[in-house]
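Chemist: Given the coordinates of chain C, assemble chain X onto it according to the supplied hints.
Protein chains: 2
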Amino acid sequence: MAASANSFLVGNNTQIPSLKPKSTSQSLLHLSKPNTVNLAGKTKPVSVRCVAATTHVQDGARSGSVGGSQERVFNFAAGPAALPENVLLKAQSDLYNWRGSGMSVMEMSHRGKEFLSIIQKAESDLRQLLEIPSEFSVLFLQGGATTQFAALPLNLCKPEDTVDFVVTGSWGDKAAKEAKKYCKANVIWSGKSEKYTKVPPFDELEQSSHAKYLHICANETIHGVEFKDYPLPKNGILVADMSSNFCSKPVDVSKFGVIYGGAQKNVGPSGVTIVIVRKDLIGNAQEITPVMLDYKIHDENSSLYNTPPCFGIYMCGLVFEDLLEQGGLREVEKKNQRKADLLYNAIEGSNGFFRCPVEKSVRSLMNVPFTLEKSELEGEFIKEAAKEKMVQLKGHRSVGGMRASIYNAMPLAGVEKLVAFMKDFQAKHA
Amino acid sequence: MAASANSFLVGNNTQIPSLKPKSTSQSLLHLSKPNTVNLAGKTKPVSVRCVAATTHVQDGARSGSVGGSQERVFNFAAGPAALPENVLLKAQSDLYNWRGSGMSVMEMSHRGKEFLSIIQKAESDLRQLLEIPSEFSVLFLQGGATTQFAALPLNLCKPEDTVDFVVTGSWGDKAAKEAKKYCKANVIWSGKSEKYTKVPPFDELEQSSHAKYLHICANETIHGVEFKDYPLPKNGILVADMSSNFCSKPVDVSKFGVIYGGAQKNVGPSGVTIVIVRKDLIGNAQEITPVMLDYKIHDENSSLYNTPPCFGIYMCGLVFEDLLEQGGLREVEKKNQRKADLLYNAIEGSNGFFRCPVEKSVRSLMNVPFTLEKSELEGEFIKEAAKEKMVQLKGHRSVGGMRASIYNAMPLAGVEKLVAFMKDFQAKHA
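Protein chains in written order, with this note's numbering: chain C, 1 to 430; chain X, 1 to 430.
Calculated from the structure, these hints are not laboratory results.
Since the list gives no way to pick one copy over another, a pair counts as held whenever it fits inside one copy or between any two copies.
BS3-like, lysine-lysine: derived pairs with alpha carbons at most 25 Å apart:
1. K387 to K113
2. K255 to K198
3. K198 to K234
4. K296 to K181
5. K121 to K90
6. K389 to K417
7. K335 to K90
8. K180 to K195
9. K180 to K296
10. K158 to K180
11. K174 to K192
12. K158 to K177
13. K113 to K417
14. K334 to K198
15. K184 to K158
16. K113 to K389
Chain C with its partners taken away, still in its complex shape:
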């Protein structure tokens, strides 16, 4: 209760949050037109706009304690997903009037100096985080990774060109199917027959001799399969959908031609798609490419050809700042590794009560699918967890069971609580 003990609101027609105050009465809060307040013995009239909770909350959140934010749930959703509490509080604080500009970020002209400073800072911080070489462009786009499934072949291929796909889950499969409209999409390996639980040994891949690019989904959100290293394309470039592990660990961008991903897992709200593309690959779009899918248009206009998703980009920028403040992606990876180890060890240590179908060497640090030996208890598991304020643990409908998505913003405390709950549940049902 650290934060709430230090912040206080009195308002006429004030909207009271669902959190009921513990040490004052509801009626006091609805008191009409209070205009004097005694603060530590000083009585003065006051006139201050209430803007946001204190930063005290964020410190509590980061250290893993739920601190003043006890009304928050632990949100294990696969995306959109949890955002860092301090980022949300900052966004809340600035929502009505960004840095004294007299406007919300949502109201700013995308060509005005305020928003330009926001998008430029976001790009610059992302470049620092991922150490993006200068020969790469960073584009802030719309439409999700699914739009890129079409944009990639439209920008990188002619219709007669071959593209190789290594399919380790549903998203890679979708990418290949969409690409078939615009090039010769060649699935050179698929884990479908083994229910997407593996990444193939790279030396066994039979790559096409003239493929324009080799496509992978670096982390399969639904199946929890993550590339720990990357195959070398025999020809052409490597292209990776990193939607669900973007900025979760350091990545050597120079190994890729294009890295892309929706923001809504690790770095922001939905509605922003980030494309990191090597500049020499830009400018060869097929004639049928919609102008909004042409990398050249967005590159030449610094992502401002038309109105970008401004507020989403602003939120991503706040997350990038937060990741840098945490010490960058090496530190972030350590935290993610620790959380994932805790959860996978709990599964492994359950004597088969809990099971993870994914091959150990490629288990995702971000999305942890698991099942119960007694599958008839899965519904109860999910329901009881929700009662304990751990939500969105249901597995994807195509896989069943449970899935815990533990992106950057999931605090260690959330995983600790889940693991404790799993042990209790097992004890109860063993």
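Modeler: Below, chain X alone, put in the same frame as chain C:
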């Protein structure tokens, strides 16, 4: 100062907005750890999360007075543009924890019951506002109107089909150019030679005999030209880009095959595109259509095929609620008419000091471009207005001069202040 006199915040490390309190000292606000407060004579410990300012502000704003929101500017940007103050305050209040869900709207799974309730309510309110017949689908998409410039012919035409375009400004022109990639786009009238200041008489339009649709931009944001009535297509359907006058007045949706628009002018932040499409037109997309541009995919999945721009849709929903509370679009139109009349009358009454190039009968209620007889004073006009907290009055770079965008959320007080400023400026420089 109505609102701020009734709301009060004390916090440890509290972020103080740029607005300096008038009746208390800064040092008082930074007082460390206050934990007793005397309210109207009662001294009690309190522990309430500060969430947002009072709804009193919104009443002030709506009635035209700037009330407690004196730090706000009047934002005449063409889009993204001003949002209703009460909508921003509600969004601020709920940003950290939406209705006790323990999550921000930005963190919610788009398939969870919380977000489903938000998107369904948004659609239902929009249907009520525009009285959308049941044979139309409402889609919440991404990519702006510019993406629709491609999606429309891809969904409604075969490559050999003809489409007629009436081009009354830059956006209609862009729509026609993009459509050329996917059909025979035929510009049957263009106002370009007259610098886009007119709408043609409908009976003079030479429509193609077999056009699949007739495309108009119902309000040209840059040139300030607005259709007051709509042409009847000789063949096929009428398609309108309503990005910049969407929900600014009642529209007989049944006259159209498709109405579409970006949200960032009148109904929300950027990043949401709304498409209202007659259901029988869905399902005939060309084979080369990217899956994300196929209306059928979005219609079958209720705009949830992939992750939609959730927070933007939520904001649109808050705006729709607000418009309904105002009495619906008939009332909204009256307010918009009153604001526009005030501004156009000031221009007309200036004896040529101010000039609007647009033909009187088609002047936009939303975007008012104007110039100065002494064009060398335009820079000063814009600069001085900004000092008076009226911002973004510079005309589009392709047109020059000034432009005042006075969308739904621009209060009457903003236009009154602008008109008063114009008179002062004229007196000073006559």
